[in-house]
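Novice: Assembling the complex is the task here: the two chains are given apart, and the hints tell you how they should meet.
Chains as they are written, first to last, in my numbering: chain A, 1 to 375; chain B, 376 to 626.
Honestly, the hints are just simulated from the structure, not real lab data. As the structure is a prediction and not an experimental result, all values here were calculated from the model. Please note that a few of the clues may not be correct.
[Unchecked claim] Calculated lysine-lysine pairs in the DSS-like style (CA-CA distance at most 30 Å, straight line):
(1) A:Lys48 x B:Lys581
(2) B:Lys555 x B:Lys576
(3) A:Lys48 x A:Lys203
(4) B:Lys590 x B:Lys555
(5) B:Lys589 x B:Lys555
(6) A:Lys238 x B:Lys590
(7) A:Lys150 x B:Lys458
(8) A:Lys48 x A:Lys238
(9) B:Lys590 x B:Lys407
(10) A:Lys238 x B:Lys555
(11) B:Lys581 x A:Lys222
(12) A:Lys238 x B:Lys581
(13) A:Lys238 x B:Lys589
(14) B:Lys589 x A:Lys246
(15) B:Lys581 x A:Lys78
(16) B:Lys576 x B:Lys590
(17) A:Lys246 x B:Lys576
(18) A:Lys150 x A:Lys48
(19) B:Lys576 x A:Lys238
(20) A:Lys246 x A:Lys217
(21) A:Lys125 x A:Lys48
(22) A:Lys246 x B:Lys590
(23) A:Lys246 x B:Lys581
(24) A:Lys217 x B:Lys555
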Amino acid sequence: MNLLRFALDNLYRRPARTALTVSAISLGIAAVVALTSIAWGFEASWQKANDARGTDLIVTRIASENTMPSPFVAEQVKPALSAIPHVREVVGLLSEMLTVSEDAPPVFVFGWAHGSYLWEHLELKNGRWPAEDGEAAIAIGSLAAEMLHKQVGDQIEIEGRMFGVAGIFESSAMIENGALLMTLTQMQQITDKPGKVNILNIKLDSQTSEADIEAIKAQVRKTLPGFIAITSGELVQKNAVVRISKAMSNATILIAGLVGALVVFNTMLMSINERTREIGILLALGWQRRTVVKLIVGESVILTLAGGVIGILLGILIATGLEHLELMRGKIAAIFSFPFLFSVLGLSVLLGICGGLYPAIKAARLQPAQALRQE
Amino acid sequence: MTMRCILLLLGAFALPAYAAEPTAATLVETMKQARLSEGFEARMEVATILPNGHRAMPFKLSVVGQIGAERQRLRVRGISPDKVRGRFVAAERNADERIRTIAYDEQLPRSIEKADPAARLFDSGLVLWDMFGAWWSWPQQAIEGSDRIDGRTCTLVRSRTDDGTSPVREVLSCVNGDGKLSLRTQLFDRRHRLLRTIAVKQTMRKESGALAAKKLTVTEADRTATEVEVYGGDEHYLVNADTYAPLDNGK
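Same shape as in the complex, but just chain B (with noise of 0.2 Å):
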């Protein structure tokens, strides 16, 4: 009898506690969720420090995107300076989860060439095949127990795929379930070498009062590291019918 009450006493403090811990399952469908989006444009500066320490020249680039369940699309769009000034490099994901890609460049109409998603942007540790957060769409999640990065509570999420297309095999995300953002992402091959980590330095609050980071390190795994930080965008950006033109023309 008394066993019996230790057990159940037992169980009625376990259960809230198992509760209370999101399962892989609900956090990767929070992140999914979280990415969701109609139309959003940012601005960003990108400045990439080699592992002698020579920091490149910065560049402003524009990502336009669209996120939905079964299309995503993404267009990069160079700034300034000249050098990547009117280049572009456009992508979608459908629901094949393949991605297909584009570069072009805004002076020569007919310049459209395939290009590959796991390529550095611009030299710089930016890929867009990270962008996509391609994945949380993998089937096997795990959780991996909790970190904390700047004061912050973050869920070890490991994703693995067998797809061996893939430029990246495994990723280790720390998910900041409130912020509904990962704080610290380690992507790595298909013999587990780390490729990059992609480290959230600042972070600002979006209207649905989820986290986007502001300002972000990408470091490859020479030590090349990149700085990027947000300094301008729109969450509710209206996708205009030729932004992805390129795009749909290609196919």
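Next comes chain A alone, as it looks inside the complex (with noise of 0.2 Å):
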């Protein structure tokens, strides 16, 4: 009989001690894998939604920290913008999340600059996009048409405000199929800031250097002072609430980590405590101490890889069920990588050894007289 062999018997000898471990360590990987493949997606997404529209730099207020920048009045920094060289295009954004409808969650509502070059990476599905700057009509997001069940020629009430749904666009980045988008100039109106934007994109031209964006940034810097000018993902780096979700997947990482490694730890003791004879024999029949240490550790490497296989599913399906549910639809669409899995898997080992190389040491220093005279 093998190693593994023997270690799988022992496990299966006390199923309920067995599931009830694997189920604790599946649960604490399931958390792990969940929250931190919705926090990975939620920055991904604000990082494709900017990165889609083709803009190289971000001009936004110092203090933003919020999910949209603080608004600004746009003219007190666009023609300075405008002429800093290789700066082909400075396009004001305007954007809230509002509430359209009793019967959806509130949704990211966007104003653009009619004409920009912000709508070319949208593909329009249905009907048209807003012909001019001062008309009431929106384009909505495919998956915000599906949400808020409406189609081309329907109206939709915004702040007060009726609009007719000119189009329906798709888009490669998920939050901008969740929106509703309407020209810069309407948006300003309907929220009661005119003149104002959350953020200015530039747009580079093809000549433009990596050493001229630095220069292009420490000259805002100066120049400007109370903005900065960053690339999509430092925005988002910077997002609050990026921050807190990464920061809540690193805690649940920990607390996952150290309550699975406590509950393989107590179940290899408890295992080890109830065998002490059967260690004894095993030491007496010859058995090495060493070999004594690779059961007991092999035992509970194979609880914690089985909790880690279970957890990493059950991970994944919260995650994609979550994505479906009606309040985060649109919202997040969850990461999950093959190297952050296969990590996840190598934390699931890694347990398994600590949880189970203080009861294997013990077990491995019984002397084999008195471990079988333990009744």
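Specialist: Laid out in structure tokens, this is it:
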């Protein structure tokens, strides 16, 4: 009988305890997988939305750490930005999360400068774009159309004003698919922020190098006090919600790791206490102490590995389920990368080793004669 | 000699402890300063829950304000649904501390009429008089200990007035000094009957670092509760020349 089979048999002998230990570990691992994938997905959704628009740099207020930076008057900074070398286009964006239907959760409503490059990456599936700046018309993302049960020609009330649905679009960024889109002027009117934007999107020319981008950032810092030029990735990194969700996922990893190691530690300690006589016989039969250590650590690794695999599957199920919740639809897309999932599996193996090491050493140190006297 | 040393020691310890506690005057001044704004806008969703549990249809409104040391002006605009859409209430409080209030309709430019600042706004627990925080200017202010609300320590400040025309005679506020925000405000009438309690349920941080209410509940004497959630706004709102025009024209 090889050591692996022997370890498996030992676990089969106590099915209830094994099942409970595996369940506890799998729940911890599931929480790690679900929370981390959602946190990464949330970050990636925002970054993808910014990247898909073709924006090279974003200018915003320094103090902005909310989901959307606090608004400022675009004309205060736009002329200075347009004059910077390599800057091809400076486009304002105003956004808010608004309730537009009693039957649906709040949705993102974006206001983009009419005719700007921001609209170019969207694929119009049905209808048309708002024809002019002053038209009370909106385009809605395919997911938003589904959630709000709206189609081209319908009306939507936004902040007390009626807007006709001119078109339905598809975007590569999920956040935009779940959003409503109108011209910047219309958005400024309904939110009572005339002339204001949350961010200014900058498109640079094709000759711009990395050094030029750094120079533009430095120039904005120097010439426009209170403002900062950052890439979309940097903007997302500064986002308070992204930071909170990442901190929560890190805290979960830490807590789940500690709880998992303690659960394994407790299980294996109980197991060797019950099997003192059995371990004594093995040692009396000539088993090396190293082999006993291998057996006990092997058992704990099998426990945590099984918990890890089940936990990963459970975590994927939870995250996918959350994505389809009405409240979360169009806002998150969980990301399950293979390196991350393998890391989680590695974490569960590490938990097995850490939790099983002390009980294993304790078992290996038993004196056969003393162990055999144990009732 | 020993007694003198003990007294000196006690004095040395007592002084910093005494100095750490804010006086009513400093706390009131902090609150008055925190309210100052050249222009702000807050859009909020308001839902009223009657004592029998019936939940009235929620509505949205926008509040635009300008709070100066001498003059304070507020304009409330109903956003949606139809029963409030386009309905305005504007009020002004000058150095004489009187609040002048008007109500008008967007569709009827000549419909301006005088309104009561102590009246409930759009059948909810919101009262324009409360938004002015008039009690911070009253002469009688006293600290009455401290309390803890949702894990935050706050100082109880009792404000009183003898002004017979004031709809509220006494206000007990629980002020979080760091956040410069009253976490709970209880308003009493001249017979010391509780009129309503304004309790902050969730806060948000302003650019200045001070806190502002994001969610609050107004509970009236008959247990009618009004839940208010601020969902949008602008700390640096650019007040247009015509924002308070009806108020100016009505003088």
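Novice: Out of the numbered hints, which ones does the structure contradict?
Specialist: 24
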